[in-house]
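Student: Single-letter residue listing:
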Amino acid sequence: MTSLWPRLEPLLPRVEKPARYIGCEDGACTDIYKPDATSWLLTYPDTYEIGLPNQGLQILYELLNERPDAFAERSYAPWTDMEAQMRSNGLPLFSVDTHRPAEEFDILAFNLSAELVYTNVLNCIDLAGLAVRASQRGDADPLIGAGGHCAYNPEPLTDFIDFFVMGDGEEVIAEITTTVGEWRKSGKPPGSRENVLRALTQIAGVYVPSMYEATYDGTKLVGVQPKHPDVPVSVQKRTVADLADWPYPRNQLVPLTEVVHDRLNVEIFRGCTRGCRFCQAGMITRPVRERPASQVREMVSKGLERTGYDEVSLTSLSTADFSNIEEVVTGTIDEPGTCGRVSVSLPSLRVDAFTVGVAAQVSRARRTGLTFAPEAGSWRMRQIINKLVTEEDLYEAVRSAYSQGWHRMKLYFLTGLPSEMDEDTLAIADLAENCVAIGQEYTKKASVTVSLGGFVPKPHTPFQWFGQNESAELRRKVELLRERLRRNKRVHLKWHAPEASTAEGITSRGDRRVGRVIEHVWRHGGTFQEWSEHFDLTLWEEAMRASELDIEWYVHRHRDENEVLPWDHIHAGLHKDFLWQDWQDALAGFGLEDCRWTPCYDCGACTEYGIEHVVASPVPPNGGSQGTGQDLAIGHVVPVDLRPRAEVGGT
Amino acid sequence: MRLRIRFSKMGKVRFVGHRDVARIVERALRRCGVPITYSEGFSPRVRMSFGLALPTCYESEAEYLDVPLSPDSIVDGQIACIGWGQGKLHNEQQMQIALSEALPTGFDVVALTVEPKGGGSLQETVVTCGWKFDILGAVAREVEDAIERALAGSEIETERKKKNELVRENIRYGVYDLRMDGESERGPIVIAELSAKPRVIRPSELVDVLAPGAEMGIARRTHQWIEHEGQWQEPLTPSKSPQLKEYS
Ligand code: SF4
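Residue numbers (the numbering used here), protein chains in the order written: chain A, 388 to 1038; chain B, 25 to 272.
In case anyone wonders, no lab produced these hints; they're calculated from the structure.
Restricting the straight-line Cα-Cα distance to at most 30 Å, the calculated cross-link-like pairs of lysine-lysine (DSSO-like) are: (1) B:Lys185 / A:Lys404; (2) B:Lys156 / A:Lys404; (3) B:Lys156 / B:Lys264; (4) A:Lys797 / A:Lys831; (5) A:Lys404 / B:Lys187; (6) A:Lys614 / A:Lys575; (7) A:Lys404 / B:Lys221; (8) A:Lys689 / B:Lys112; (9) B:Lys221 / B:Lys185; (10) B:Lys186 / A:Lys404; (11) B:Lys187 / B:Lys221.
Bound-form chain A, shown alone (with noise of 0.2 Å):
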């Protein structure tokens, strides 16, 4: 085994931040070196402050170092002074945990959590020295995998991936391992690689796109279907049926150089059913799995000794919603070893959820930051996205905020979602003002950020099949947004670049042609894509234009029902019907409840698998259907209709 160290300290005083490459984190895994086992080595392609606190790759991080034939060290894509010292010293991709090069392990992992770290990830495989297009890697060169919410649609890096994973990680990276093992001891001669790869299409949520073909007719996909009989047809997700089973990471990595979510996190439930229709995520993880109350709470408390962090976030897709939650932040915070100085962070809270009794419980320690989703302005439209949670429901959750000693709150939002028209856009005002109103009934320095975000329809999500709003028109309700907020001192607005959202919708609808786009934009030094400071768009105008693909078709057209959509092949275990039809519920502003609380839809999670929800609770928390107490399937009075976008756009 090689160490590049030497190497590479006398170049890290010349980079800003060169913590960053040093590893030494608490719960590293260092002297993990197994000469006969299957090497990974887990890669996030974004900065190490962002990268580091991925669940996700912590969790495998300590499973495969727990198996006696496998070891995995991490690595994540350099920033960009760092890139140049390396290429201009010829110093190689590496592992932060014992500074190997890259090309020594046996797979290459990629953690998708955006598309637009895609062209990080091609800039990480070629750092590592290896061939960015997958069909020209030699025999021995490691395997590049790559899984995360991301990887559900695999078709825009099908050029470059040698495999893909679906769903949870935990029980799967186990027969990856095996399967790789075997090559590697058979000491990957030539013609093994293929072999390989054939193996792993037979463990189910692997992908294997070298062993399919894309076939179109004009600029229409036809279908991706396998080349070989017994390449199954279809890769269906992976999902560990209960969360119990699995309470990783058990020694969090606790890093030396301050990273994003620096604090003790744990995951209190996998999956969401609230079904707010925009959510990747949420469709993606159904259905429910709650971790046992006790276990948290004892994943909490070891964590907090073992760690010495003063903060704990709970973590899932809607915290508020966790059966036991008031017990749980309420056990933590009496947690003698914390000596009352422990701050709970709830993210991801749904405002129907979040009562007056979390409020208080929360704020006995340290208050943190508070973030509400009600994701869009006007009722109306909430019900066309499914996020149902009323008005009241809002101003109920900040005045529980505010009454318990908040200041100030940020709100998220969507705008260009289907159907939207500027009095939706203008609604979020008017939110955000009366939640300001509620705050100075407590406090004078009451105020609110609005945080905008602009749509990008996502594959497996009934939305699915619209078509993405023009950067124009994205920018348009920004500045509508803006001018009807400018007088207002104590609304802080906040917006995502339009742009930016172009480029992810290209990414994230595309098909097999789209790699030549990514491969382009890397080419022509688009690294770093989800900074503000290096995103840029004409990049990407010109890759489209190069590779002779129509922006308009991949990413403002809305789909029809018969289209094949690239990402056919792939299950989450949702029904395209279903989906469908929750997309022509939308339409009509039919609201869906929570399956977690009432009977099942059938979408297919849970019963294409066998598997169901495990949840504590058989009641909402806060009462009610989905807490907003209302008949929610009268739906509204007036159906939309989708209105075509040369209607909507003011381009």
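Let chain A serve as the given structure and place chain B with the ligand on it in line with the hints.
Tutor: Only chain B with the ligand this time, still in chain A's reference frame:
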């Protein structure tokens, strides 16, 4: 009462910045159950004060930290732990071991005392720092000559960047000791004692004087000297030698 702690920072962790070190130490104090105190206000902070900040990329055998203890925390001359250490009574030596263990590899507590509060803050009282550093690829003889010339004259003119401007300064006043001490595989090793007042003179400023155009290898702070009743002394003498990773 307060804890006065001397710790080392060696190896890979030399790349961790000063503010990050504060966070690392804070977590270690909590893990050990040190009876720390907090500032008042909306977001209370753990009370602790460091000695002179160490530049990122430098190693050290002599970092200092004062941690005020809560008034009722000394029982029978021992430290009564709180939080995760609740129920434990530690003497100085036990606390030193516990803290060392709670800190990441590369950090090591080399001395620890419980003492009354008072005296000037570490930052104010440190007068000079001892340093040891090597110069990449420099020729030992030439460095030796340069040292001789520098010490013989009344001027050691250096250049450094200050807010993007080049500042020239004669730092002869602040050079108390300067000599060669053998060679590492990277280059000649230099030992220096440099003043910390009115500003901290860094070894890197000397590199251009001793070997024009050369780059500094690894620098390590070896001492921080304070003036006490007319005498120079170290705030704490190490009770054990740090896990020194010699230049290799
Ligand atoms: S299969 Fe039924 S219970 Fe399971 S997530 Fe889908 S609708 Fe809900």
